[in-house]
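Student: Below, each chain spelled out in residue letters.
Protein chains: 2
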Amino acid sequence: MREEFRGDLLETGRLLVSMGESARSAMHNATLALMNADQARAETVIARDAEIDANYRTIEELVQHLLARQAPVARDLRLVVSALHVAADLERMGDLAAHVAKTALRRHPAMAVPPEAAGIIASMADVADRIAGKITLVLSGQDAVRAAELERDDDAMDALHRHLFELLLSPGWSHGVEAGIDCALLGRFYERYADHAVNAGNHVVFMVTGEPAQPR
Amino acid sequence: MREEFRGDLLETGRLLVSMGESARSAMHNATLALMNADQARAETVIARDAEIDANYRTIEELVQHLLARQAPVARDLRLVVSALHVAADLERMGDLAAHVAKTALRRHPAMAVPPEAAGIIASMADVADRIAGKITLVLSGQDAVRAAELERDDDAMDALHRHLFELLLSPGWSHGVEAGIDCALLGRFYERYADHAVNAGNHVVFMVTGEPAQPR
Chain A
1 MREEFRGDLL ETGRLLVSMG ESARSAMHNA TLALMNADQA RAETVIARDA
51 EIDANYRTIE ELVQHLLARQ APVARDLRLV VSALHVAADL ERMGDLAAHV
101 AKTALRRHPA MAVPPEAAGI IASMADVADR IAGKITLVLS GQDAVRAAEL
151 ERDDDAMDAL HRHLFELLLS PGWSHGVEAG IDCALLGRFY ERYADHAVNA
201 GNHVVFMVTG EPAQPR
Chain B
1 MREEFRGDLL ETGRLLVSMG ESARSAMHNA TLALMNADQA RAETVIARDA
51 EIDANYRTIE ELVQHLLARQ APVARDLRLV VSALHVAADL ERMGDLAAHV
101 AKTALRRHPA MAVPPEAAGI IASMADVADR IAGKITLVLS GQDAVRAAEL
151 ERDDDAMDAL HRHLFELLLS PGWSHGVEAG IDCALLGRFY ERYADHAVNA
201 GNHVVFMVTG EPAQPR
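Quick note, the sequences are listed as chains A and B, same order.
Under the working numbering, the final residue of the first sequence carries the number 216; numbering is consecutive throughout.
Under the working numbering, the final residue of the second sequence carries the number 216; numbering is consecutive throughout.
Rather than coming from a laboratory, the hints here were simulated on the basis of the structure.
Don't take every hint at face value.
Which copy? The list can't say, so a pair holds if one copy fits it or any two copies do.
[Stated by the list, open to error] In silico lysine to aspartate or glutamate, DMTMM-like type, Cα no more than 20 Å apart, as pairs:
1) 102 - 178
2) 102 - 166
3) 102 - 43
4) 102 - 4
5) 102 - 151
6) 102 - 11
7) 102 - 158
8) 102 - 191
9) 102 - 8
10) 102 - 153
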């Protein structure tokens with residue numbers, strides 16, 4: 001029973017690592033598609049989101065199966081429920097990467113992001129990638145991460161988000177309403193991606209260390 | 001054991017009804033605050049979001065407790081896991097209502113929504129309220145709802161969302177970038193609120209009828 005539980009948990013962990021890598025790669029490629037008006041890359045990101053969704057459903061089934069057959073308690077139970085939370089966050093991160101890709105596609109062959117905003121958006125993408133990378137490392141057991149570190153990354157993202165809005169609302173913004181709306185929504189996609197990544201990271205920290213995650 | 005399970009489940013259901021009513025009332029009041037530049041009402045919505053968050057944590061604890069002590073299987077287990085999904089969606093709906101209230105507050109004493117966009121935003125708020133109302137009725141056992149009905153409401157919301165963007169991007173839009181961005185973000189908040197509401201509704205339909213919900 002115990003060994004079967006460990007086996008199911010290991011399989012869940014493997015799927016989470018795979019989802020984490022996919023969610024990270026999705027946003028990485030969505031950003032490249034956005035910054036280079038790369039239609040093919042944007043379409044690939046959107047198509048591959050179905051794989052992340054499928055992994056999510058598999059984890060949900062695995063967890064329900066595990067709960068039904070093994071009836072874990074105490075720390076094991078919290079571990080299993082945390083896995084469900086992490087999977088839900090990673091699934092949503094995939095959706096947000098697809099939103100970025102769709103924005104690139106909607107403006108193709110034009111660039112969705114004017115040159116003045118490209119630096120901030122690229123920095124937001126860097127922070128998003130950094131957080132997603134940490135989750136994947138911790139999930140695959142290659143590194144430890146502290147909740148405080150994730151909070152710092154999240155603060156960096158919030159500062160960039162504010163900076164972006166200052167730029168969009170400054171009298172010097174000469175790119176009109178459509179580009180302004182696109183950049184505002186892109187900013188929100190990256191910020192939400194980071195929120196979900198930090199949320200997932202906190203659950204992962206708990207899964208690894210037993211320290212409870214703070215709800216966000 | 002069985003009776004204890006029913007008791008815990010009933011308590012979870014009561015909390016879900018309360019969360020559903022709070023999430024519905026939050027968006028109703030956020031919309032009123034938005035349309036009337038009503039600072040006090042906006043502040044109340046933001047402050048009360050903490051109650052919804054607290055209910056969510058209580059449901060999480062109740063569900064973990066229930067899983068640990070009762071080890072439900074089959075349909076009972078799916079019911080419990082569904083309750084967790086519904087609670088997560090309702091919690092997020094509360095957040096989105098708070099975002100609408102914050103938008104009203106940021107522009108106070110000015111109106112965040114120019115008159116031309118007020119009709120569409122009000123219609124989005126109506127659809128959001130309609131879906132949230134259906135969930136609460138079904139959760140409290142006062143009505144039945146079919147998944148197809150929720151899909152129609154969601155289609156209505158998507159059509160309004162497209163209509164809003166056509167307005168914001170039309171040559172006739174004379175309210176500049178800031179109002180354009182505010183309205184675009186507001187549109188996204190209502191649309192996401194409805195997505196979560198439909199998602200929650202599908203899980204509730206499953207809880208009541210046993211028909212599986214489609215992941216969105």
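Student: If a hint holds in the structure, say so; if it doesn't, say that too.
Tutor: How the hints compare with the structure:
no. : hint      : in the structure
1   : 102 - 178 : within (15 Å within a copy, 23 Å between copies)
2   : 102 - 166 : between (24 Å within a copy, 17 Å between copies)
3   : 102 - 43  : within (8 Å within a copy, 35 Å between copies)
4   : 102 - 4   : neither (42 Å within a copy, 49 Å between copies)
5   : 102 - 151 : neither (29 Å within a copy, 22 Å between copies)
6   : 102 - 11  : neither (32 Å within a copy, 42 Å between copies)
7   : 102 - 158 : between (23 Å within a copy, 16 Å between copies)
8   : 102 - 191 : both (17 Å within a copy, 17 Å between copies)
9   : 102 - 8   : neither (36 Å within a copy, 44 Å between copies)
10  : 102 - 153 : neither (26 Å within a copy, 24 Å between copies)
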